[in-house]
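Chains as they are written, first to last, in the numbering used here: chain A, 1 to 171; chain B, 172 to 342.
Hints were generated in silico from the structure; no laboratory data involved.
We put the beta carbon where it would ideally sit given N, CA and C, even for glycine.
A hint or two may mislead.
On the chain A side, residues computed to face chain B include the following (Cβ under 7 Å) [what the hints assert, rightly or not]: (1) L6; (2) V10; (3) G17; (4) Y20; (5) T24; (6) P30; (7) D56; (8) S57; (9) F60; (10) I61; (11) A64; (12) A68; (13) I72; (14) P73; (15) Y92.
Residues per chain, in single letters:
There are 2 protein chains.
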Amino acid sequence: MDLKALIRDVPDYPSEGIIYRDLTPVMGDPRAMQFITETLSGHLSALRVEALAAIDSRGFIFGAPIAATLDIPFIPIRKAGKLPPPVIGTDYSLEYGIARLEIGTSALDDGQRVAVVDDLLATGGSAAAGAKLVAELGAVVVSTTFLVELQFLNGRLNLPDGIDVYSMVQY
Amino acid sequence: MDLKALIRDVPDYPSEGIIYRDLTPVMGDPRAMQFITETLSGHLSALRVEALAAIDSRGFIFGAPIAATLDIPFIPIRKAGKLPPPVIGTDYSLEYGIARLEIGTSALDDGQRVAVVDDLLATGGSAAAGAKLVAELGAVVVSTTFLVELQFLNGRLNLPDGIDVYSMVQY
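Construct the complete structure from the given sequences, taking the supplied hints into account.
Right under this line is the structure:
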């Protein structure tokens, strides 16, 4: 299935010179969503993933059906102040400024094999922060999985060494 | 299945006197998520829902597996500034201040039967705003559907007349 045909390019958004990849037409196509869920579930099943940690908030849209398909726990990694205590958090750099992601301290078990899922890999900051939080809870990050990867931003270089990085669509 | 047994009460969060209902243990229980998805999908299937509009961001977690089960389009209703143009938006009141929700202008078809899905019905402000946006696009809101309803806040009174309001767990 040609997923790129469903991804809408929005030039000069959110700022001049940037081409924004709009995934809402993908979300609105149930056949495409089924194809994505099956492909990513198959990939993560082969890695014997035991829990799925999805990044707020578009990671939730792709992650929740994968967790359902794999019959594994869904763990939200959320922006600062959105999860009730107790949480742990980590800061990461954005193009302008700092953002913070958090996870509930009892969200994962020691040694549990976890995939971190988001819609899009850009510079890798949020995925790296998510992976760090999962590891801080004593679980094992076995994959960071995305629908789209912006290869020219080299986000893979910011992700932990030796961990699977998987994407279905590359730009 | 006793979903309340999985919902964690967090007293005095986010402010004194409030009991926060933490749904993350529900998300982390695949059996519970399957039960919720099946129950809400069955309810919406009987209403002949043709598209699911979910509210940013916990509505995504419950809405995406329902849309997958029903094989219907998933439409995100997002906080201001998160969707690329063109969008329409509407403001609604929070306890302190104003928030804004937006939807893509081409997200829905004229006359399409739509369910608005969120995790929790409190005062109904965000669900009412979501329903308003769906109606502004010419689609028909046939249900506002939630996992949890805080009945003492009378959120139903803020939702449009004559539309199904459904929740699985009430406080």
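request  = With chain B as the partner, please determine if A/Y92 meets the hint condition of a C-beta pair closer than 7 Å.
outcome  = Check failed: Cβ of A/Y92 comes no nearer than 18 Å to chain B, outside 7 Å.
message = Can you verify the interface hint for A/I72: is its Cβ closer than 7 Å to any Cβ in chain B?
response = holds (6 Å)
task = Classify the hint on A/I61 as holds or violated, based on whether any CB of chain B lies nearer than 7 Å to its CB.
result = holds (5 Å)
request  = Tell me if A/A68 is really an interface residue toward chain B, meaning its C-beta lies closer than 7 Å to one of theirs.
outcome  = Holds: closest Cβ of chain B sits about 5 Å from A/A68, inside 7 Å.
query = Would the hint on A/G17 stand, with a C-beta cut-off of 7 Å toward chain B?
reply = This interface hint is violated because 15 Å lies over the 7 Å limit.
inquiry  = Tell me if the interface restraint on A/S57 is satisfied: Cβ within less than 7 Å of some Cβ in chain B.
reply    = Nearest chain B Cβ about 3 Å off; hint holds.
ask   = Are A/P30 and chain B close enough, Cβ to Cβ, to be under 7 Å, as the hint says?
value = holds (5 Å)
query = Does A/D56 meet its interface restraint, that is, does its C-beta lie within less than 7 Å of any C-beta in chain B?
reply = For A/D56, the interface hint holds, since the closest Cβ of chain B sits about 6 Å away, which is under 7 Å.
ask   = Can A/F60 be said to touch chain B, with a Cβ gap under 7 Å?
value = holds (4 Å)
Status of the A/T24 interface restraint (C-beta, 7 Å, chain B) = holds (5 Å)
ask   = With a cut-off of 7 Å, does the beta carbon of A/P73 approach a beta carbon of chain B closely enough for the hint to hold?
value = Holds: closest Cβ of chain B sits about 4 Å from A/P73, inside 7 Å.
key: Restraint outcome when A/Y20 is required to lie within 7 Å of chain B by C-beta distance   = Given a least distance of 5 Å, the restraint on A/Y20 holds.
Going through the hint list in order, the structure does not satisfy hints 1, 3 and 15.
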